[in-house]
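Asks: Chain residues, written in single-letter form:
Protein chains: 4
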Amino acid sequence: MRPIIGIIGSGDNACKKSMYEFALELGDRLVSEGYRIVSGGKGGVMEAVSNGGMNSENYFEGSIICILPGLHKTSANKFCDIAIPTGFGLNRNTVIINTADILIAIGGGSGTMSEISFAWQYGKKVLCVTNFGGWSEELAGKNLDNRNENLLIPVSDIDEIIETLRSFI
Amino acid sequence: MRPIIGIIGSGDNACKKSMYEFALELGDRLVSEGYRIVSGGKGGVMEAVSNGGMNSENYFEGSIICILPGLHKTSANKFCDIAIPTGFGLNRNTVIINTADILIAIGGGSGTMSEISFAWQYGKKVLCVTNFGGWSEELAGKNLDNRNENLLIPVSDIDEIIETLRSFI
Amino acid sequence: MRPIIGIIGSGDNACKKSMYEFALELGDRLVSEGYRIVSGGKGGVMEAVSNGGMNSENYFEGSIICILPGLHKTSANKFCDIAIPTGFGLNRNTVIINTADILIAIGGGSGTMSEISFAWQYGKKVLCVTNFGGWSEELAGKNLDNRNENLLIPVSDIDEIIETLRSFI
Amino acid sequence: MRPIIGIIGSGDNACKKSMYEFALELGDRLVSEGYRIVSGGKGGVMEAVSNGGMNSENYFEGSIICILPGLHKTSANKFCDIAIPTGFGLNRNTVIINTADILIAIGGGSGTMSEISFAWQYGKKVLCVTNFGGWSEELAGKNLDNRNENLLIPVSDIDEIIETLRSFI
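Residue numbers (this note's numbering), protein chains in the order written: chain Y, 1 to 169; chain X, 1 to 169; chain R, 1 to 169; chain V, 1 to 169.
Bound-form chain Y, shown alone (with noise of 0.2 Å):
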């Protein structure tokens, strides 16, 4: 199976403009490294990344997966492929980080924490973003608690994130 890459991170309100931009270069790049990307389908970050990866040269249908708390797929937001509306509100959360093979985290208030949490309890791999602030910053390095250590990847730049996710995939 084609890996799949977990995008989490700040939402509408509190994705500014270089965050956007940023978000827009990975999802380029991620789509042309022929990773598919899992998104929780709503804006900010999560739309930035899926619209990078819809408009790469390299986009291949398919790749755009948005796991949706609603039960509509209308509620996703316009660069989406394949849209997986579970029903289960915030509890969605859970279900992206399942479905990713690894995570990248940007920017992100208290829904972000809360991915980064189960995504520790679960054992994944999250490349936490410094750059911009947000949770994925202040827990970049951190181990969590006991049970697992050095999940939480630090890195500040694309190429530094695509070189990440060969070594690990």
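Note that these hints are calculated values from the structure, not bench results. In this text the structure is predicted, and so the values were computed from the model without any measurement. Keep in mind that the hints are not guaranteed to be accurate.
The list treats identical chains as one, so a pair stands whether inside a single copy or across any two.
[Stated by the list, open to error] Below, computed lysine-lysine pairings styled on DSBU-like, alpha-carbon distance capped at 30 Å:
#1 Lys142 / Lys73
#2 Lys124 / Lys78
#3 Lys73 / Lys17
#4 Lys42 / Lys73
#5 Lys78 / Lys142
#6 Lys42 / Lys17
#7 Lys16 / Lys73
#8 Lys125 / Lys17
#9 Lys142 / Lys125
Take the given structure of chain Y and dock chains X, R and V to it, following the hints.
Replies: Chains X, R and V in isolation, oriented as in the chain Y frame:
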């Protein structure tokens, strides 16, 4: 977005050879029509349709989606492009219903019954195959209650299924 | 732990006066037996049994548990001691099944059908009232598939229900 | 409805003797105040508070609710009046948050972190005990993002907890 056809029906124990072969051919035809397939990712009818789809001459990578009860991708059958491990147990059934644009039911015991009842509650059409018994045949053409009507459409051969899908999608 | 009886059946629209009165008396008797009651916390049969239980002479505080689809306790009917708002939508049905030690089904449409099919899958007994039609009567005495047997026990009056409960608990 | 206090915090491995004793006394006091207690029903802080509550002189039957990750009541600790087996794994954490009117956090690793982040998202207050480290102490008094504020209230002894609860309920 490419239409997604949901497959529900008998699992390993109750899937006889004739049912498996019917489902195998159905999977091939669905993929040839350009549809994605979503199922619960386990044995019997789910496996047969996925197997048929993946071995189709017209197979495109990313066409077979498996929404799993457990937490691990390795629990999917081997004909799976995109595994979504929910960790929701039997509650993953509603995610299959919500992800599918239309469903096809073949044979089926109490698990299939729960899926048909959720499809009814969410207003999703189910093509109920009448050749192989089970709850698919038992409920074909019936109204489960008065909150919807005519969602459980009896079908008996693959050409009829494909034509019915075309008329709705 | 005090035994918990699960109540499933017709909601507001499909709960006729005779059914409501039956359920009202049933609730009174269940509480008098010392059982807790768990239901989905909405109208019709769920409300009637809770109402009967709460107005029983033998009512003890904490006997009526409502497992709600939404996020807020205010969505429960007014005969509720302990509200459990799941935010899982219709998936809260499985939590009712798992919380009950044994279930009673009265009338019922597609929602009740899904609950009976989950009770079957989890191996829980359901006393199916045969007086008021619906899926409770339709499925009474049947085997849904071969993974279990004799779980859907036909019952027709309240004395019979109480005696059957006593024999199992 | 009687108010329900949610207890989150360190499980078996990370619950030291001093923390267990604090939680034991807390459970006793909460029940004496007439509150119900809800927790995840497992070891450590969850067990200690339930144990304290159940052994209180003022204990009333039905005051200890356990919302379990698994499908079976037998997986609860032994200080449990009402077991709610969800079958949703770690996602049962959100049900604890939604069921509690207000929460108390003691110690805690990544599981507690996920619960605090959900409480924040749902707008529920959490009294964060600052005596025993963990994410309860780390996050006490902080704002997780700008969608809410001042929900994570630092507290350091049991009298203060009881008084703070009284002021809010």
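Asks: Compare the structure with each hint and give your call.
Replies: Right, here's what the structure says about each hint:
1. In this homomeric assembly, Lys142 and Lys73 come within 30 Å of each other (Cα to Cα) only across copies, at 27 Å, whereas the closest approach inside a single copy is 36 Å.
2. Taking the shortest Cα distances, Lys124 and Lys78 sit within 30 Å of each other both inside one copy (28 Å) and across copies (23 Å).
3. For the homomeric pair Lys73 and Lys17, the shortest alpha-carbon distance inside one copy (27 Å) is at most 30 Å, but the shortest distance between copies (36 Å) is not.
4. Proximity of Lys42 to Lys73 under the C-alpha cut-off of 30 Å is found in both arrangements, the shortest distances being 11 Å within a copy and 24 Å between copies.
5. For the homomeric pair Lys78 and Lys142, neither the shortest alpha-carbon distance inside one copy (35 Å) nor that between copies (35 Å) is at most 30 Å.
6. Taking identical chains as interchangeable, the C-alpha atoms of Lys42 and Lys17 lie at most 30 Å apart only when both belong to the same chain, with a minimum of 16 Å there against 44 Å between chains.
7. Proximity of Lys16 and Lys73 under a CA criterion of 30 Å is satisfied intra-copy only: 26 Å inside one chain copy versus 35 Å between copies.
8. With identical chains, the CA atoms of Lys125 and Lys17 are at most 30 Å apart within one copy only, with a shortest distance of 27 Å there and 32 Å across copies.
9. Within a single copy, Lys142 and Lys125 get their C-alpha atoms as close as 12 Å, and across copies as close as 26 Å, so both meet the 30 Å cut-off.
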